[in-house]
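Using the sequences and the hints given, assemble the complete structure.
Letter by letter, the chains look like this.
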Amino acid sequence: MLSGEYGEAVRKALTVIVRVGEALGAERLVEITHAHVSGISYFNIGDVGLEFIEELARMGGRVRVHATFNPTGIPLSEEGLWEDNAILVGAAEAEKQLRIIRALTRMGFKFTATCIPYKLRRPRPGEHLAWGESSAVAVANTLYGARTNREGGPVALAAALTGRIYYWGLHLDENRKPTMLIRVKNIVLDELAAGLLGHLVGRSYQDQLPYIDAELEGTRAVISMCGAAAASGNTAMCIVRNYSPEDRGAPEKVETVEVTARDLKAERELVETASLEEADVFFTGCPHHDWSIVHTVLTLLESSGVRRLRKPMWIALPGKLPNWGKNACSQATRQECASATRYMYCCVKA
Amino acid sequence: MQGIRLLLRGLVEGRACAPLLIVDRSISFYGEVDPDTGVLKGVGSIAGKILVFRGSRGSTVGPYIMYALRRKGLAPAGLIVPKAEPMLVAGAVLAEIPLAEGITEEDMSRLQAGTKAMLEVKPPQAILSAPAQC
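Going down the list, the protein sequences come from chains A and B.
For what it's worth, this note's numbering labels the leading residue of the first sequence as 1, then goes sequentially.
For what it's worth, this note's numbering labels the leading residue of the second sequence as 1, then goes sequentially.
Since the hints were made in silico from the structure, they are not lab data.
Please note: incorrect hints may appear among the correct ones.
[To be verified] Covered stretches of chain A (chain B as the covering partner; in silico rule of three or more C-beta atoms under 8 Å from a C-beta of chain B):
id	stretch
1	22-28
2	45-51
3	61-67
4	219-228
5	253-261
Yeah, the Cβ is synthetic: ideal placement off N, Cα and C, and Gly gets one too.
Now the structure itself:
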């Protein structure tokens, strides 16, 4: 591959991976089954990123494994722009975003635009991946027992084109053992509480692999915790009791930290920047929710007798999920939202 | 400042002679560094400086930001951290910025911002000397 017999794009991509791997001290590369690429929003990577991706496509780059990509800067349909785009971004920016997506799909990427790639293809325990998107990385390692480091956008892209990544960090058994113990007693952690715990853990214990000895209320709570820990620090993996495939019980002889209800309350005060009364808009969906959340929200509104929201609420959903019809989100969701909440409920794809 | 010569671990090859900029926290290149101006939030321009900082965190978009800084001539001249994570390494490789790790807290506090320093990285070794004449 390095000699160029698979083409110039593969040679360039592998060079990046080898150089990063060498700098990190990796001894060899490992084959992956799925690359998920972040850093494809024009609003993040600008003209420089656009040119980088287009150049790889122009050089004949072609994915060698299942390859997906992160949300873009604009809501999309598969055919082109979503109808409300003109309001959200300028036409020139939208066109450049589409050029990035065209370059990616030309190279064989699945049209996904999501930060929850594990909902499209469930990672298997022990499988090697090369994923960007910090929250998805934490979920893949923690909840599915698959193996990936947090790869930067260009490196994950290079891994998609070569089907390989450096064998280092969380790809190795010895780096997947808990290095500390976080214990939460007598509280069942719902999505919110699990998110607060994740925020506390990510912020306070960087470069650790925490064992979470707590009762989490379902996989959604685990995902919420992973997302928050990845955002507030650099947590790429936890072992969660009863959820992680690699759970071998609480580790012994490691630093142990007790987290109480009071700590979680303090964490909430830290992250809350506005009261319910002050808020102008409500947003949920970072990382993306799947389709079921829309029904949950609508059911909640209906069962509480809410007919009209005073403030708009936005829910971010993937660009595409399995079994969605054409433009499922942009049309069906909004119709459903609109009829239930009399147009005050705004539902967007992000 | 007394003359300082630090032996560090070299990760990405290169040589820089530039003023030191010391940031006593971790940095998220995406979100905290403006790729159009090279300005780090709350700090100022990192362009052409040897940036000594606690480490990198945050979004996996970071390497593109570093690559963009290089293309616009706004990249730091060198990077020094206690421990480099893969994203910082990837960004340094793409942007061709010499990168070294292994600086201690004590050494970090001995360095003086603005002092001209020389960073020479030849993996697996790196040397930082300050003040330097070049």
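Hints and how they fare:
1. 22-28: holds (count 3)
2. 45-51: Satisfied; 4 residues make the cut.
3. 61-67: Per the Cβ count (0), the hint is violated.
4. 219-228: violated (count 0)
5. 253-261: That given contact is violated, which follows from only 0 residues of the stretch 253-261 of chain A lying within Cβ reach (below 8 Å) of chain B.
In this structure, the earlier hints numbered 3, 4, 5 are contradicted, and the remaining ones agree with it.
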